[in-house]
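Peer 1: Letter by letter, the chains look like this.
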Amino acid sequence: MATENPILKPLLSGNHKASSKIVTDMMSESVPVKEIYERVLKPALYEVGELWEQNKISVATEHLASAIVESLMNEIYLQLRTSKKPEKTAVVTCLENEHHQIGARMVSDIFELNGWNVYFLGANTPQNDLLNYIRMVKPQLVAISLSIYFHLPTLESTLNQISSEFPKLQVLIGGQAFLRGALKILSNYPGITYLPDLNAIENFLIQYKHGL
Amino acid sequence: MDYKYLAETAGKIPAADKNAVNEYREKSEYLIAGINKSMSERHDLKELIGENNLAMMKDNHANHVRFIHSILKNPNAEVLTDTVLWVFRAYQNHGFAANYWAAQLNSWFHILKRELSPESYRQIIPLYEWMQVNIPLFEKLSNKTTEPGLSNH
Ligand code: B12
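Protein sequences, first through last, are from chains A and B. For the first sequence, the tail end lands on 213 under the working numbering, and the numbers increase by one without skipping. For the second sequence, the tail end lands on 157 under the working numbering, and the numbers increase by one without skipping.
Take the hints with a grain of salt, since some may be wrong.
Where chain B lies over chain A, by a calculated footprint (3+ residues, C-beta under 8 angstroms) [what the hints assert, rightly or not]: (1) 54 to 65; (2) 142 to 154; (3) 179 to 191.
Now the in silico label distances, taken between C-beta atoms and shown as ranges [stated by the list, open to error]: (4) A/Asp198 x B/Met60: 26 to 32 angstroms; (5) A/Lys86 x B/Ala59: 46 to 52 angstroms; (6) A/Glu88 x B/Lys22: 41 to 47 angstroms; (7) A/Thr194 x B/Ala19: 26 to 32 angstroms.
I should point out that these hints are in silico values taken from the structure, not numbers from a laboratory. Ideal Cβ positions, reconstructed from N, Cα and C, are used throughout, including at glycine.
Okay, chain A solo, but in the shape it has when bound (with noise of 0.2 angstroms):
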């Protein structure tokens, strides 16, 4: 399914400049950035996995296309505008060992662009470090993004400790380790909810605001 991604070519080259140009045309169009990352980023570093599985681009170029990726984010992050004044407060991270994050900053700034106040903690964060950062900050939302299946025991551990110390606090998981089956394990927590991605993310937060 070779889908026609303008994004992809220049990413793959490591051409920074015209994989900017396309984000910026994109954003001075008022595409909403929701979009910008579901329909271009993302299947773009999809594409890119499976080009690395087949061999047929390096690991090098893969570490480059996302790299790049990265710093379009930063550029998009810099035009995030939004005049409400952040009322709740999420912690986002992924696990430890974990080191796939660009799913989680884009989660990260969805929650931004929704109003929150967020604290992106980023890749392999430490389990003692993430409770300890809950309990400084006290959100009202913690999301953990999860892409390779074997971090799901940290998950459990994870997940053990948070709903025994803060059993109120809002957890969210996803990434794309529960497209392998990994959901199976949430039948054990029923107060955290998986979602898929930024769009029934922004749908959650709709309804949060509203008191869910």
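Based on the hints, put chain B with the ligand in the right spot on chain A.
Peer 2: Using the frame of chain A, we list chain B with the ligand on its own:
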């Protein structure tokens, strides 16, 4: 059909008890060091993994132990089948030979026997036996599903 067979038989692998799963996790560093050593010492290593793939092989061994621990703790037939297929596909695309899987699994049997208590070995080995007897099927299926879009990510 073949996929269904794999997922069904994966669902029948007896679950290992908590002690065995914990012992597997506690010894994971020894297990990884053991498999790296035994594979690296092979004279036919280049034929098995291709050129310049030593780091990738070691990555695979470390990920293998993390993944198997995860599956022992939360058995999930579909995830197990999909992931083994993904590993076959991704590594063979990168120059690993089909024989690498048999060689690797043979080494696992020795290392697990050496490192684990007899009871934990007995509990965990059915999962490895399942992977070993199904190598030909994994081989066949992973070669079929290389088109993007079919590979689940
Ligand atoms: C870039 C990349 C990397 C980079 C990450 C850099 C970074 N700064 O993040 C690096 C080089 C570190 C990396 C490493 C590895 N990677 Co990698 N990587 C990728 C790649 C190409 C893109 C990831 C990405 O950013 N996707 C785009 C984001 C936006 O998508 P997303 O994460 O799914 O997020 C969306 C949703 O899931 C959701 N979401 C995400 N998080 C959350 C959280 C919440 C709360 C909610 C509600 C929603 C949500 O919202 C997002 C927007 O829709 C993928 C390919 C792919 N299919 O994604 C492979 C991929 C994920 N990697 C893979 C692998 C195997 C690895 C390694 C194990 C390789 C190795 N042998 O070492 C290591 C593991 C490292 C580790 N311990 O974590 C495989 C996983 C396969 C599998 N069976 O699980 C993939 C699929 C590649 C492939 N096709 O084979 N990788």
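Peer 1: All the hints need checking, so say for each whether the structure fits it.
Peer 2: Hints versus structure:
Figure legend: the region 54 to 65 of chain A, annotated as covered by chain B; annotation consistent (3 residues with Cβ-Cβ distances under 8 angstroms, at least 3 required). Here the region 142 to 154 of chain A counts 5 residues with a CB under 8 angstroms from a CB of chain B, which clears the bar of 3, and the coverage holds. For a cut-off of 8 angstroms, the count of residues in the region 179 to 191 of chain A with a CB near a CB of chain B stands at 6, and the three-residue condition holds. The supplied range of 26 to 32 angstroms is met by A/Asp198 and B/Met60, whose beta-carbon atoms lie about 31 angstroms from each other.
For A/Lys86 and B/Ala59, the hinted distance range of 46 to 52 angstroms is satisfied, since their beta carbons lie about 49 angstroms from each other. Checked against the given bound of 41 to 47 angstroms, the beta carbons of A/Glu88 and B/Lys22, roughly 44 angstroms apart, stay inside it. The hinted range of 26 to 32 angstroms is satisfied by A/Thr194 and B/Ala19, whose Cβ atoms lie roughly 28 angstroms apart.
When the structure is compared with the earlier hints, no violation turns up for any of them.
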